[in-house]
Structure formats: C-alpha cells, structure tokens
Amino acid sequence: MQQHRALILRSNRFLGSALVDRGLVSVGDLEAANEKFMDAIQASELKRASILNTLLFELKALEETKFLEHLVEEEGLGLIDLSHVDLRSLRPHNVDLSLCWVTSTIPFDKVENTYMVASCYSLSAPVLRCWEELLDGRVIWYGTSTTSMTRALERIEEIHEAEDAASAEEETSN
Amino acid sequence: MPYSVLILDDDVDFNSLLTDIFEQANYIVTSLTDPLEAVEVFQDTQYDLVVTDHKMPEMTGVEFMKRIKKIRPQVPVIMVSGYLENDTIRELISEGIGGVFLKPLNIFSLLERTIELIEEAKKLENTPQGEDGMLEVESDMDAKLGFAFRSFPCKTGISTAFAERLYSLRNFKSTLSLIGEKGMHYRSICDDIRGFYESDAEHFVYLSNGSFDRAQVLSLIEEAKKQGAERITCVLLELEKMSKEQKKLAAALPKRDGDFSEVDLPLRTIFCVNGDLDSLFDEGLIDENLYILMGTAEVRVPPLRECSVDVGVMAQQLVVEVVREKGLNEIPRFEKSSRDLFRQHKWEGNYEELRRTIRKIMDSDPGDVLALSVVKSVMQVTKAASPRALFESYLSSHQVDLVRAAAVLFGGERPKVASFYATDTNAVAAKMQ
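Protein sequences appear in the order of chains A and B. Each residue of the first sequence is one higher than the one before, starting from 2 at the first, in our numbering. Each residue of the second sequence is one higher than the one before, starting from 45 at the first, in our numbering.
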C-alpha cells in the first residue's frame with residue numbers, strides 16, 4: 002500500500018475539499034478529520050487513512066444517506082449495492098486490489114468496451130483520473146455505501162485467495 | 045443651456061465659496077449643508093454634477109456618494125476635502141468618483157475637471173451601452189458586494205467570486221490557504237480579511253522567510269497580547285520559499301504544537317503560496333503534513349490577466365498611492381487608450397508588475413493625463429529592466445515590510461529605526477501606520 006501513499010493523500014484532500022465546497026461538512030469538521038487522517042498516515046496505517054470513514058463513523062459529521070442522496074440528486078450518479086453483484090477476480094483486468102482499497106473503488110463489470118465502476122470517492126478528482134487512465138475504455142461511475150464497498154473488497158480478496166490456493170494445488174499435483 | 049451642479053458641504057463658509065466659484069463660471073447651483081436633504085433633493089432633481097465634502101456629521105461623503113450613485117450612477121461626483129485617508133481615496137475611486145480635490149483648492153483645475161466630467165457623462169448618455177460596453181456590468185457588480193474589499197475592485201465575476209469566497213470563509217477555524225501566482229498582493233488581500241472583523245481584538249501578524257522563526261513569532265504574539273489581542277492570525281507569506289525548519293514551524297503554528305504549545309490565545313494561520321498545492325507537493329516544496337493542512341480551506345487568488353477590467357481601477361488606485369506619497373495636489377487620470385492597454389497586457393508578474401509600472405509612470409512626471417505614449421514607453425522599459433532597477437523597485441514596493449522588520453529588530457524604538465534608515469521618526473511613524 003505504501004506505493005499508493007501520494008494517491009491516498011491526494012484523493013483524500015480532494016474529497017475533503019469537495020465535501021466542504023458542496024456544503025456537506027463544515028471546515029471545522031474537515032480540520033478534525035484531517036488531523037485523524039494525518040495520524041493514520043504518519044503511523045503508516047494506510048488502510049485506516051480515510052477522511053470519509055473518519056467523517057462518517059468517528060466524528061459522525063456526515064450522514065451516509067445524505068451523502069448518497071447528494072451523489073444521486075446533485076452529481077447525477079447511479080447507486081449500486083455490491084452485495085447483489087456477482088463479483089469476479091480483478092486479475093484479468095490487471096487491477097491491483099490494494100489500489101481498490103486505498104481509493105474505495107471497484108470495477109465490478111465490463112460490457113464491451115465500457116467498465117462499470119463503483120466508488121465511495123467519486124467526488125475526488127484524482128480517484129476518477131487514476132481509474133480512467135488505468136482502465137482501457139469508457140467508465141460509467143456508480144456510488145455505493147462504505148459497508149457495501151468493504152464487504153465487496155473482502156469478497157474479492159477471498160476470490161483472489163481461492164485462485165491462489167487453486168494454482169498452488171495445481172502446481173503441487175503437477 | 046448652463047449645466048446644473050449640486051454642492052454639499054456642512055461648512056457654511058466653504059459652501060458659499062464653492063457656490064460663488066460655480067455661479068461665476070455660469071453654472072446653476074443648488075447649495076446644501078445637510079446630506080440627508082441633499083439625497084432627497086438629488087432624487088427629485090436632474091443634476092449634471094455633484095460636489096461634496098467628505099467629513100459631515102450625518103454621513104460621510106463616501107456614504108453620500110454611494111446613496112446618490114444608487115439613484116443615478118451616471119451623474120459624476122467630485123469630492124473636495126481638507127484631508128483624506130489613502131483607503132478613503134481608494135474606496136472613492138472604486139466607487140467611481142470623478143475627481144478628488146484637497147484643500148487649499150486649485151479653482152482652475154476644479155472647474156476644468158468639472159466641465160470634462162460633465163461632457164464625458166453627456167457623451168456616455170448618447171452611447172447606449174457606455175464607452176466600452178462594460179458600465180452596466182460594473183455597476184451591477186458594485187451593488188452585489190455587501191462588504192468592504194479593497195485588494196480587488198471586483199469589477200469582474202472572477203474577482204467578485206474570489207471576494208465572496210474569502211468572505212464566506214472569514215470564520216475559518218485554524219487554517220486558510222491563498223493559492224496564487226508570483227507577484228500577488230497577499231498582504232492587501234489579508235488586510236481585507238482583517239477588515240471583515242469589526243473587533244479590535246483580532247490581530248494579524250505578517251511573516252515571511254526573512255522574518256519567520258520561533259522567537260519572532262512568540263515576540264509578535266506577546267506584543268499583540270499587550271495590545272489586547274484575543275485571537276491572532278499569522279499570515280505566512282511565500283511559504284514555498286521557506287526553509288524546512290520554517291515549514292515545520294508553519295505546520296505547528298495553527299495546532300499550537302511544539303514551540304507554540306504554551307501560547308494561551310487562539311492561533312490561526314493563513315498560508316500564502318505561489319503555485320498549486322499538488323505541484324508544490326510533487327516538487328517537494330511542501331511535505332505531507334502541510335499538503336493536507338493547507339488543503340483544508342484553500343482559495344485560488346485570481347491572476348490579473350483573468351480580471352482585466354479590474355486592472356484599470358487598480359492602476360488608478362496605485363496612482364493615488366503615489367500621489368499621496370509625493371504630496372501632490374491632483375490625481376492624474378489615464379486616457380481611455382492607456383486603460384485599454386492595461387487591460388490587454390498579460391501581467392505575468394501580477395500586482396507587483398503593475399505597481400512597478402505605475403511607479404515608473406509617475407516617476408516620469410507625466411502631467412494630469414496619463415497618455416498612451418507614456419504608458420507604452422514605460423511598459424517597454426519595465427519589460428527590459430535591469431536587475432538593479434528591478435531590485436530598486438522591489439525595495440520601493442516593500443518599504444513598509446522593511447521598516448516594520450527594522451522596528452522589530454530595534455524593539456519598536458522608532459528613533460533607532462529612523463537613524464538606521466537615515467530618516468526622521470515622522471517618516472518611520474507614517475510607514476508603520
């Protein structure tokens with residue numbers, strides 16, 4: 002995850018500014034979230050370094066339903082519950098799972114040349130830019146809840162582990 | 045048909061003198077001493093020009109002018125006063141004053157300016173959208189801004205949005221970042237932010253890489269406390285040029301960490317940087333801590349090229365500044381073509397470049413009208429200026445900072461500062477103000 006340190010800083014800074022600009026959180030709350038975020042960064046606990054999670058769950062300065070409503074009504078995004086999606090391995094698309102964790106983003110489907118991508122950080126320009134550069138094709142963005150995202154990422158981790166186990170077994174049997 | 049003039053001055057003797065002057069020059073004069081009455085009369089009568097005093101008991105000349113400009117903005121106004129603060133003159137210019145005359149009065153110049161303004165106004169009346177098609181937009185902008193803002197005249201949407209954003213963030217809790225380009229006038233912008241608060245207990249201290257260290261900050265905080273500060277805002281100018289150690293201090297300041305843990309007053313910091321945060325971070329000019337800290341509340345300062353209509357007014361304000369410094373009686377005005385040139389120029393060096401240019405123009409004794417030929421030649425010379433000339437210009441535009449820095453070094457003893465600069469204490473006091 003260390004390789005994504007700069008992206009983590011950048012994506013969280015932009016998300017924080019976007020939330021303030023859209024009147025979803027106050028500057029004071031963002032200052033408090035930034036402090037906790039920097040504590041996590043300096044302790045190299047990068048999985049914990051999320052301004053969004055801090056605002057939602059630690060500071061309770063933002064209600065997730067309000068945030069999702071904003072994505073739909075003001076930003077024109079569709080919402081997706083990833084628990085109803087048949088998730089598959091990300092390896093064929095050359096996607097690093099740690100990048101998904103640090104940006105709270107998953108490409109969950111592909112139709113012809115178009116990727117469907119769910120993200121909790123869709124208000125953060127560096128996250129959009131990073132994924133649109135990485136995925137070779139058109140991207141349709143969806144919003145999702147943090148719980149849905151975490152569970153989906155854990156399921157993909159399990160899928161990757163199962164793949165690893167299967168290939169290890171195959172090597173042993175050969 | 046003779047033109048009609050409204051004269052407002054609460055000093056009966058001076059009012060009657062002005063009335064005589066204008067009547068002798070064949071104007072139809074209404075002379076009044078009460079500003080409230082004058083507003084009512086102005087509402088009901090068509091005048092070609094208004095002459096007003098500034099210091100009056102019911103309302104100031106600036107307030108009076110704002111009131112009548114709302115009724116009929118096209119009527120030119122001249123102010124005649126014994127003494128005017130620099131800020132008042134700037135405000136007058138941004139409100140669209142036609143002329144400022146300080147007592148003792150040069151009658152001939154006053155009458156000359158009067159006829160010039162009336163004829164200009166008549167010409168504009170016959171041009172549906174105004175001389176440059178901008179007048180309606182400009183007066184709309186004036187009416188929109190409900191607070192004082194001097195660093196940008198806010199004649200464009202971009203500068204108005206900038207001023208409004210700063211105003212909306214005036215109660216920032218601990219940090220605010222002004223992100224601009226080289227040559228921006230951060231100090232004036234921060235003076236505007238200071239002006240958003242009415243309380244005398246709000247203190248702003250200005251620090252740059254030459255004056256920012258722990259001892260200096262603590263001494264300025266102590267000094268501000270003695271003067272009754274209840275909250276201190278530290279303005280860090282050109283943060284990107286500071287040393288690593290200074291940047292560490294900069295990050296500690298708003299949190300009152302480390303060296304500042306014993307400060308018992310609320311501290312806030314305004315970071316002023318040239319260059320966007322991402323580039324500064326990528327270039328290693330700010331660390332992770334500052335990158336996040338500065339990103340909490342950031343405001344982009346518009347470069348001059350994006351608010352070209354403002355540049356003409358800023359240039360005129362700078363002329364007034366020089367006029368005050370040199371103790372001249374009259375304020376030269378730009379020809380329309382000169383103003384157009386100013387608006388078209390790119391101003392890569394932003395406000396500092398504009399300031400340098402105006403000083404050069406004023407140093408060339410240009411007379412009452414700043415003609416295009418003079419402006420053009422100075423702009424060409426400025427472009428090719430020698431390093432020495434640029435350094436001299438830098439020193440000249442940072443006089444206040446340098447005097448203040450010396451005052452800190454000498455523990456606030458003005459005679460010592462005066463002796464250091466081989467000048468007198470009055471000159472030092474004037475700069476300190």
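A hint or two may mislead.
[To be verified] Here are the simulated DSS-like cross-link-like pairs (lysine-lysine), alpha carbons at most 30 Å apart as the crow flies: (1) A:K48 / B:K166; (2) B:K420 / B:K460; (3) A:K37 / B:K299.
[Said to hold, decoys possible] Partial selection, computed: residues in chain A whose CB lies under 8 Å from chain B: (4) R11; (5) E32; (6) F38.
[What the hints assert, rightly or not] Label pairs and their in silico Cβ distance ranges: (7) A:S99 / B:V307: 39 to 45 Å; (8) B:E369 / A:S45: 51 to 57 Å; (9) A:S45 / B:E327: 21 to 27 Å.
If you are wondering where the hints come from, they were derived from the structure by calculation, not from laboratory data. Small disclaimer: the values here were computed from a predicted structure and weren't measured. Glycine residues also receive a C-beta, built at the ideal position from the N, C-alpha and C atoms.
Going straight from one Cα to the other, do A:K48 and B:K166 come out at no more than 30 Å? violated, 70 Å
Report holds or violated for the interface hint on A:F38, using the least CB-CB distance to chain B and a cut-off of 8 Å. Holds - the Cβ of A:F38 comes within 8 Å of chain B, reaching about 7 Å at its closest.
The hint names A:R11 as touching chain B; please verify it with the least Cβ-Cβ distance against 8 Å. This hint holds: A:R11 lies near chain B, its Cβ roughly 7 Å from the closest one there, short of 8 Å.
Quick check on a hinted range of 21 to 27 Å for A:S45 and B:E327, using CB atoms only. Holds, since A:S45 and B:E327 (Cβ atoms, about 23 Å apart) stay within the stated range.
Regarding the pair B:K420 and B:K460, is the alpha-carbon distance no greater than 30 Å? violated, 42 Å
Honestly, do B:E369 and A:S45 meet the 51 to 57 Å range at C-beta? holds, 56 Å
Should the interface hint for A:E32 be scored as holding, given a Cβ-Cβ cut-off of 8 Å against chain B? holds, 5 Å
Looking only at beta-carbon atoms, does the pair A:S99, B:V307 fall within the given range of 39 to 45 Å? Taking Cβ atoms as reference, A:S99 and B:V307 lie about 41 Å apart, which means the hint holds.
A:K37 and B:K299: Cα distance at most 30 Å? Satisfied, since the Cα-Cα distance of roughly 13 Å is no more than 30 Å.
Checked against the numbered hints given earlier, this structure breaks hints 1, 2; the rest are met.
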